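Q: Protein chains in written order, with the working numbering: chain A, 1 to 310; chain B, 1 to 471.
No lab work stands behind these hints: they were computed from the structure.
There may be inaccurate statements among the hints.
Below, simulated DSBU-like cross-link-like pairs (lysine-lysine); rule was C-alpha separation at most 30 Å, straight line [said to hold, decoys possible]: (1) A:Lys-233 to B:Lys-92; (2) B:Lys-418 to B:Lys-466; (3) A:Lys-112 to A:Lys-98; (4) A:Lys-98 to A:Lys-233; (5) A:Lys-230 to B:Lys-72; (6) B:Lys-418 to B:Lys-444.
This structure is a prediction, so every number in the text was calculated from the model and none was measured.
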Amino acid sequence: MAEFADDSSLLAILLDVSPSAVVHLASTPGLSLQTLLEQLLIFVNAFSLLNDGNRLAVFTAGPSGCQLAYCSSSCLPPAAAAEAAAERGTAPSAEVLKGLWQAIAGTAAAEKAGGGTFAGTSCQFSSALSRMLCFINSLQCRAAAAAAGAELSGGAGPSGGASAAVRKQQPMRLLCLTAAPDVPSQYIAVMNSIFSAQRSGVLIDACQLGVGDSSFLQQAAHLTGGIYLKPDKPQALLQYLNSVFSLDASTRQYLRLPGNTRVDFRASCFCHKRQIDLGFVCSACLSIFCEQLPACLTCGTDFQGGQGKK
Amino acid sequence: MADGSSGLVAFITSGITPLQLERLFVQPYAVVAILRSLPPLARHILLRFSCTGGTVSTATVSTWGGSDGQGKLAAALEELEALRLLMQAACKGQAVYTIHASFQAQLRHAMCSGLLVGHAATLPPRAAVPDAAILAAYARQQWEALLLYLVGGEGTTPVAPPELQAASIDIRGLLVAAGLMAKDERTQRQMSAGITQRGFQFLLADLYSQLWGVVRQYLSGLEAQASDGAGGGDLAVAINFLLCLGLQEGCNVMCHGQLGNAEKAIAAHMCQLGLLLPVAGGGELWLHPTRLAAVLAGGGRGGEAVAAQEDGYVIVESNFRVYAYTTSAVQVAVLRVFVRCDVLLPNLFVGTITRDSATSALGLGITSEQMVAFLRQHAHPRAAARVPTVPSVVADQIRLWQQELTRLQMHSAMLYDKFESQELYIGAVEHARQLGALLFRCDKRMQLAVPAALHGAMRTHLQERKRALGL
Chain A
1 MAEFADDSSL
11 LAILLDVSPS
21 AVVHLASTPG
31 LSLQTLLEQL
41 LIFVNAFSLL
51 NDGNRLAVFT
61 AGPSGCQLAY
71 CSSSCLPPAA
81 AAEAAAERGT
91 APSAEVLKGL
101 WQAIAGTAAA
111 EKAGGGTFAG
121 TSCQFSSALS
131 RMLCFINSLQ
141 CRAAAAAAGA
151 ELSGGAGPSG
161 GASAAVRKQQ
171 PMRLLCLTAA
181 PDVPSQYIAV
191 MNSIFSAQRS
201 GVLIDACQLG
211 VGDSSFLQQA
221 AHLTGGIYLK
231 PDKPQALLQY
241 LNSVFSLDAS
251 TRQYLRLPGN
261 TRVDFRASCF
271 CHKRQIDLGF
281 VCSACLSIFC
291 EQLPACLTCG
301 TDFQGGQGKK
Chain B
1 MADGSSGLVA
11 FITSGITPLQ
21 LERLFVQPYA
31 VVAILRSLPP
41 LARHILLRFS
51 CTGGTVSTAT
61 VSTWGGSDGQ
71 GKLAAALEEL
81 EALRLLMQAA
91 CKGQAVYTIH
101 ASFQAQLRHA
111 MCSGLLVGHA
121 ATLPPRAAVP
131 DAAILAAYAR
141 QQWEALLLYL
151 VGGEGTTPVA
161 PPELQAASID
171 IRGLLVAAGL
181 MAKDERTQRQ
191 MSAGITQRGF
201 QFLLADLYSQ
211 LWGVVRQYLS
221 GLEAQASDGA
231 GGGDLAVAIN
241 FLLCLGLQEG
251 CNVMCHGQLG
261 NAEKAIAAHM
271 CQLGLLLPVA
281 GGGELWLHPT
291 RLAAVLAGGG
301 RGGEAVAAQE
311 DGYVIVESNF
321 RVYAYTTSAV
331 QVAVLRVFVR
341 CDVLLPNLFV
351 GTITRDSATS
361 ALGLGITSEQ
371 MVAFLRQHAH
381 PRAAARVPTV
391 PSVVADQIRL
401 WQQELTRLQM
411 HSAMLYDKFE
421 SQELYIGAVE
431 HARQLGALLF
441 RCDKRMQLAV
451 PAALHGAMRT
461 HLQERKRALG
471 L
């Protein structure tokens, strides 16, 4: 039955709805927020068609923070899921659309209230990433607790249990659809999120619709084994989504997919959050600085005597 | 019967005619269920095709495969062609793959509109929404009654709930027609039937295969009715209805009064099999699909996962002891097929896999792989956490017992004797040895044997030699 190994997965989609992303999308020929949403919804439907075990969560990220727009009923706690099942009765895509429009309207309202201070700003990518990882982690904890509980209440078998942890986890993926440029000041937080994703076995896929490549997303995909893609034809987004990002991790090994050809590994310095090619690294805590300092700003190690390693 | 040879894909490749297949590809739920019952790679190929103009050149498709995926890609394409979902054709001088037009249209429609929301136009009142535990218990009760009848040959078959007021299906007839039971020749009693070899294999199969085994027979029964002109609907519509039951998550409750006549009959039969649970509420009868319906449409993988999560009860120890925490008569009966029962407690079956018990099961046509797969699929959660789930010493020994039965191999051979001269005999032996075909020789009696396949070569050699020696 190796052929029929369960290929269901949990997919969390991050949609960038920050003003700068929306402005950029509007200026891209053949693509606007409207068409992006349409294509995204078809992808959402296609993803849930592929496997009945597939679970989905959609988040939006704006300058004011990250919001959960939609998640499958199997992602909710049992009580809330029952309630949702009773009230629901529309397609998942409709729910996604409702959530997305709410988030976008919320962002626009916040922008207006803030007197246009958000204009041109990017999304809080680092907070969105950590929010999604927390969401995935909470799902895992709940699944583990449920498995342990089932074993206890089963009662028939011998008691005690470490088996719940051993049970195979559903593979998890993040898909980031962003159009805003990187914000170097978020470098440390983003890298920390990427490392925790790497550690918990979450794949990060990225589809960059904005101008230029995103160093953050390239590194995220590279480190977690995901795919980074900058579509040549953003107006054909659906085709990219369906043929590349709908693939689960195990099927990817059989198909030829766009690879991470060149990854921009440049770091941001810890002192001014500038992206640098060459810098100074603290020999004790590996903090990165763009200029030679008398002492490390992070751990306080004394560099006097020119001991900062170049 | 166990591994993928049963199920939706097997049914549409071997069970129905091309014309019916054409009709089936127009049915939205059937299309989704077919998609889900394919291997992952085949599903993704269809997804890539779904948004094209319908044709993609063969050269392009072959570039999809990665360096170690060419074999898999070819296999997936072959399977899709066998299902008539993809066709090879020539277009403008180059070879192309074409996706089945109506299948593509249905797939696109499902993707664009979100198919998995059905006729939930009217929701049942709160009182008519049963607890998940009740649903599960009903499904188990009906299905186990069927299996128990299969094992016991007598006893009661599962009955349809009386409130549906519909003719129930003849379970015994169904099982006999499916070749799972046969009329007992010795007793000559009308109502008595015994389980067959296929029946035993059926018992050990996973739930998905079992369900499809029964549903397949049920559908061919419907088809026979339709061709007799005795009512019965279109087969494709019936299949679509069955798959529709399992495909809609959460909001798939049906109001019995709103169904058509043909659907009402099928729904009543599915209640009898445990796929639907009828609940009265608000002056109407509501039909709630159970776990079995989801397994039927789930394409095999989801079904197995469900079975593993809910029903794990078997622990196999490396000393061939089997402990099964179960109160179900069916599960005990299935285990007794290949495990010697030592102790039977109210909630525990203790047995041993012995040479006798295993060989008797092998004699019933069950393979060692099926036995090991059964033990693995129904492993207790604590046993399932071990690697391997079934101790390798036990699995290997069962395999060895199977090989023991086939230690002797029969091949037809040809024996030559009564040679006219010693010289002719020696020459024949030499020739046979050169052919690598000498199975046996006896110089004293001047006899030799070669495989029957090489008789022609030996005969021409002997004739030539005889002519040369002037015999």
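Q: Determine for every hint whether it applies to the structure shown.
A: For each hint, the structure was consulted:
1. In summary, the hint linking Lys-233 (chain A) to Lys-92 (chain B) is supported, as the alpha carbons are separated by about 26 Å, within the 30 Å threshold.
2. A hinted pair counts as satisfied when its Cα atoms are at most 30 Å apart, and Lys-418 (chain B) with Lys-466 (chain B) qualifies at roughly 13 Å.
3. Of the supplied pair hints, the one linking Lys-112 (chain A) and Lys-98 (chain A) holds, its CA atoms being roughly 21 Å apart against a limit of 30 Å.
4. Straight-line distance between C-alpha atoms of Lys-98 (chain A) and Lys-233 (chain A) comes to about 27 Å, which keeps the hinted pair within the 30 Å bound.
5. At most 30 Å may separate the alpha-carbon atoms for a hinted pair to count; Lys-230 (chain A) and Lys-72 (chain B) meet this at roughly 28 Å.
6. Restraint check: the Cα-Cα separation between Lys-418 (chain B) and Lys-444 (chain B) comes to about 11 Å, which is no more than 30 Å; the hinted pair holds.
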